[in-house]
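*Asks:* Each chain, letter by letter, is given below.
2 protein chains.
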Amino acid sequence: MSENGVSSRAKVLTIDTMNPTVKKVEYAVRGPIVQRALELERELSQGMKKPFVEVIKANIGDAHAMGQQPITFFRQVLALCSYPELLNDTTFPEDAKSRARRILQSCGGYSMGSYSASQGIESVRQDVARYIERRDDGVPCDPDDIYLTTGASDGIVTVLKLLVCGEGAARTGVMISIPQYPLYSAALAELSAVQINYYLNEETCWSMDISELQRALDEARRHCNPRALCIINPGNPTGQVQSRQCIEDVIRFAAKERLFLMADEVYQDNVYADSCKFHSFKKVLFDMGPEYSNTVELVSFHSTSKCYMGECGFRGGYMEIINMDDEVKAQLTKLVSVRLCPPVPGQALMDLVVNPPQTGEPSYDKFIKERTATLSALAEKATLTEQVLNTVQGISCNPVQGAMYSFPRITIPEKAIKEATDNGQQPDMFYCMKLLEETGICLVPGSGFGQKDGTYHFRMTILPPKDKLTILLNKVKEFHQKFTQQYS
Amino acid sequence: MSENGVSSRAKVLTIDTMNPTVKKVEYAVRGPIVQRALELERELSQGMKKPFVEVIKANIGDAHAMGQQPITFFRQVLALCSYPELLNDTTFPEDAKSRARRILQSCGGYSMGSYSASQGIESVRQDVARYIERRDDGVPCDPDDIYLTTGASDGIVTVLKLLVCGEGAARTGVMISIPQYPLYSAALAELSAVQINYYLNEETCWSMDISELQRALDEARRHCNPRALCIINPGNPTGQVQSRQCIEDVIRFAAKERLFLMADEVYQDNVYADSCKFHSFKKVLFDMGPEYSNTVELVSFHSTSKCYMGECGFRGGYMEIINMDDEVKAQLTKLVSVRLCPPVPGQALMDLVVNPPQTGEPSYDKFIKERTATLSALAEKATLTEQVLNTVQGISCNPVQGAMYSFPRITIPEKAIKEATDNGQQPDMFYCMKLLEETGICLVPGSGFGQKDGTYHFRMTILPPKDKLTILLNKVKEFHQKFTQQYS
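So the protein sequences, as listed, match chains L and C. Each number in my numbering comes from the position in the first sequence (counting from 1) with 56 added on. Each number in my numbering comes from the position in the second sequence (counting from 1) with 56 added on.
Chain L with its partners taken away, still in its complex shape:
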């Protein structure tokens, strides 16, 4: 049988012969700790005894999974678009029907089952442009500069793809904050670009300091070609909201140092601290006058997954490109055409986010009530999280000014650090794994996002319902005290 050696032949594709850049990719938000959480859930459902009755996943910004309710109006319109027969149903409000009709009229054959233009449905891009103009107090926005995307991740990877070139010391470097959202490091690893870390300042509520940007850039220039600067505002995983002044300084820095700016602004509605306000990079750029607004290249990303809607599963998003070279833009349009189009239901949802019910429309009151309820609950949970965590000796938590996460610093006893290191594990991974096994709480270790050497953190979403969040926080508190005692 194995005369020709077929049955015993080795695999074509093995870990040693596969794409080495893929192997370098890491994505902590869905890493080993989440694998283990899923296993524990399965074991629980099989009746295995655990020291807890359920796994609470505070590892990912997945609002609906944590019980947040969708906006009724959005889902009504999506149902109408999915099954247009419902347009004859008198129980649906008229404004939902008129939105659905408008979306369907922009779809080939009046169906969400048709491909859209690769850049996205034109009428949706128009609505996005008008939304941005309202948000930015009238700064003009051209629908032709809007690209709809499959979630923000898709847009970010696409833009990075355009930027990467060169070899050796000429290789493109991209500046990202540390801590960062690991999509960035994963995409840069896959593209073999150089990751340039700039550290946020934990002592001043994760502020972004120009001197640190300069340090990181100057060092990087010795071994690569830094070309882009990524900012996440409001911050993920760190929850800070940047001041207007800081944004202006960053833009001035980018202009001086000739950096392409990428502003991840998916949490633009998630601002809780009274002292903070969301300022879009575009608005600040245009306020700085033509010297900047005509030259600085900027892409801003938004998504249907966060804010008050939390519609992650639909994979909707957009990016706005500003001051992009025309030839590059043509290349971008060509590149996105290969994947045909972003999912149309996600495009429809993006449309509703940027064009929600207006005063006087039948769905307006309900929409405002639902949106306010979600955002107020998040604000309350942001405060609760910070307060409870700061009562624990050995945990210190900056205010959660915005976004959906706290990223507290934890003190890990030397003995625990040693045990972890002996096991080849990051100390905060060791901590989070123990927490999971003992309490069922799933958090992500700070090492998955990056942190200053010798410091340890975890990222925790503030999304669980208040009663569950309270239990969770108290369990973390108890666990931390026990853990500290055990290893002291």
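Derived by calculation from the structure, the hints in this document are not laboratory data. None of the values given here were measured: they were computed from a predicted structure. Heads up, some of the hints might be wrong.
One copy or two, either will do: identical chains are not told apart, so a pair holds if it fits within one copy or between any two.
To be verified - Heads up, simulated BS3-like pairs for lysine-lysine below, C-alpha to C-alpha not over 25 angstroms straight-line: (1) K390 <-> K80; (2) K217 <-> K79; (3) K339 <-> K67; (4) K80 <-> K333; (5) K80 <-> K508; (6) K390 <-> K67; (7) K217 <-> K425; (8) K390 <-> K490; (9) K385 <-> K80; (10) K471 <-> K422; (11) K217 <-> K390; (12) K80 <-> K217; (13) K538 <-> K474; (14) K105 <-> K531.
We have chain L already, so just place chain C on it with the hints.
*Replies:* Showing chain C alone in chain L's frame:
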């Protein structure tokens, strides 16, 4: 103002400083001819006079845009999943409701707005596995080998990404058919992999000949490391359906030559010719016994976009991986996790495709009626297309055995070839552009898919409704005669 040179500074990102691999990407299906078609549509809507009253887009397999109706049951379930309030609506059939409940129960928080597992919703993967087992007469399928995708394109690019490595003569080469679907060439260009062309035999109805595979492979081995072989069956753009024997030969070839097989089987329900039947690569592989079924690495791709459903806009799909090395599989799982998950509405739709109404269920009769109507109409149009085109002197068209396209060969007079070449245009691009300007019909030139030197073709979908297709075919006929006359 320009003291510091800011206002006059050059762009960071220009055509000369962007990623060179992106520049190499080409995607004819949405290339310049489609751009022009969109312009013409805009001009018509602005009241400009043209020699036609509408643009007919036969360039892309976009069924709903061409008037094909969605399957009622699918859309009912999607509406129920989007807006679960409708579960109380008595006008929806019970089987639609029970499907919707099952899908929602698999979604976090009972909402399609939650992220799913990155590999896809578990219950959907179970349904896919059962579908494959039914399709392949009981060959077992493990849901753990199923990955849901954002359309088939996403899956294909992901698998290619795993395969590509090496530099220079060790660079990964991937064999693709010529003519090909240009997603393959685009993805290979972007990944800097080596494209290895094997030619389908137009004289024998676009058959795939092992001797040609061998020739292509032997030549390629001199300058790269061929590792994978891609097959599209039923064929795009060529419409052929492979015989069981041919598939067996291809598998034997892959085993002998140590090639990783990628079978693009998105048209598996689109078989029209009485003499033809769809055979999955997996089924044939398992029929060949353990010598092959335990060793040959195969990935098969499917999608919600084609067949009788034509739901392109939802970007749903799956891939089944067979005999993949466990460590590589773990890398694949990690890689897909970076993009979080495929769109959940597309996953739900994929679930319905693999688990449609069953005998005895209230929606069964209607479902069968709708599916049969669409597939019969396509079969009729496949024949019509071949017949009419073959009445034209200078056009010769193979039978459209399956898929959704005809790819007829056209004779272009020397004078036209010269005029095109003088303009720096491919002769068939020149032909198709003229056709578009004179008739409003949008086709894709054969050069966008690849063809033997000195031959010319176009790809035309068979999707327009029969009456429109008849008009279209007659206009093509008229145009070809006029064009031939003009340039003779």
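*Asks:* Please flag the earlier hints that this structure goes against, numbers listed from lowest up.
*Replies:* Of the numbered hints given earlier, those the structure breaks are 4, 7, 10, listed in rising order.
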